[in-house]
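Can you make the complete structure from the sequences, with help from the hints?
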Amino acid sequence: MITLADVSCQQGALLAVDHISASFGPGLTAIAGPNGAGKTTLLRAMAGLHRLSGGAIGGQTGPRQVALLPQAGGVDRRFPVTCRELVAFGAWGRIGAFGRLSGGDDARIDAAMAQMGLSALHDRLISALSAGQFQRVLFSRLIVQDAPVILLDEPFTAVDTATEADLLALLHRWGGEGRTVVAVLHDNDMILQHFPKTLLMARQMIALGASAEALSPANRLKARQTLEAELGLLIT
Amino acid sequence: MTLTEILLEPFGFAFMRRALAGCLALSLAAPPLGVFLVLRRMSLTADVLQHGILPGIALGALLGGVSVLAMSFGGLLAGLAVVLFAGLLTRATGAREDSQFAGVYLMALAAGVTIASFQRNLDLTHLLFGSVLAVDEDALVLMASVSSVALLGLSVIWRPLILESLDPGFLQAQRGQGGLWHACFMALVVLCVVGGFAALGTLMSVGLMLLPAVASRHWSARLGGQMVAAVVVAVLSSTVGLLLSFHANLPAGPAILLVAGGVWLASVVAGPYSSLVHGGRKLV
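Protein chains in written order, with my numbering: chain A, 248 to 483; chain B, 31 to 314.
Watch out, some of these pointers could steer you wrong.
Stated by the list, open to error - Here are some chain A residues pointing at chain B (derived, C-beta under 10 Å):
1) Arg291
2) Gly305
3) Pro317
4) Phe326
5) Val328
6) Gly379
7) Arg388
8) Leu439
Don't read these hints as lab results, they were simulated from the structure.
Glycine is no exception: its CB is placed at the ideal position from the N, C-alpha and C atoms.
Following this line, the structure appears as structure tokens:
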């Protein structure tokens, strides 16, 4: 559970997130909107990575309660660590910089990798993975983090269809376990099929509710127009 | 000349034994730091440091006399100041870090040479390029202490430093103090650069850190393997370089670095990983 009360965020001179109030409960929620709508900024703010210029975020917001899957590119894929080492960093919240991995942590890491179909790749360097395999590694780390709130920024970009199906199944399981799963997504068909709730935004909130209603043609048009109007103001 | 005369006789001299012991100590500690510098794409940052410590060393000599300890202490302070100053400038102006570093190091080099030129008894060549004769008891103790502290320090910050290099966003989301680990790491680098200056000279000191590290990438695809390879290259280069310096009457720093550079070139050509000969080897 995570609640936004009148949240605003600056991105340089822009107001990327404009006074949004919403609450995300257990289950799957999508964040949708045109490019430049502030979706990533909002997600990063919820993970404590972007300073709020106004409002407050409440609920489960501690570093051990929120797990974030950032857009691809945050991880230095050329750094020489193995898949298992990267997954093991999911235990950071419990062991920190100096603690020792417990037997339970080791078991959790192995189970997470098995669940993502990575058992044969424990000692493979991350530089030698395909995009889909790498996304499975990052999801294994999320499993090890075991957080009640899971934030995903475009988790299906550049992954193969088999990986996409496995990841979706995992999201549904997380939802069933009562975790709060919030994903920034572009694909409306996928949202309608798998995400019961959607927040549609264009810097400000356009709609929040059942996905079919939130993503109605009228709302989507409104989102585009709102953003274009703001961009137009900026240019003139 | 027999092989014994070439390889062993130089070490009959006490100053050569001290230089060798000091360089071997540094060879254990500096290359692992160099591996991280290379992986973090900060090789040139280290280059800046070697210029940055010069004014501190010269001031140390001016105020405390031409002793290794006084000069090293000055160098340490100057190195830390350069790292802090360049970091603050970058943060304050939003400019790219390398341009700030370039400004800082050019100024520091000019200031260092100016201060050093005030002092007749300070040999600038020795200061910049090192001399085996400069490794007295104090310098040896200094090199050994610096290496011990650097190795211990690196082992303490090992895990957070890896995470900060690999996925800084994740560390930040875990409130993991990324800046703190970066600062600790840079302090260790400064320490090692200063520790090496007596034997290797300020301009060459970073070489023992970086050349083995860039060579090590061609010997292993793993972090641990690269550490070991870098240390082996540094130990070999120090030993052979000191012999070369003795027989050919070369300054110690350049001699050691020329050997390390030779190893690096050979590794680029024929090392087992991503070299010209084995370019396509899978990193599995």
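Against the structure, the hints:
no.	hint	result
1	Arg291	holds (9 Å)
2	Gly305	violated (18 Å)
3	Pro317	holds (5 Å)
4	Phe326	holds (5 Å)
5	Val328	holds (6 Å)
6	Gly379	violated (17 Å)
7	Arg388	holds (8 Å)
8	Leu439	violated (30 Å)
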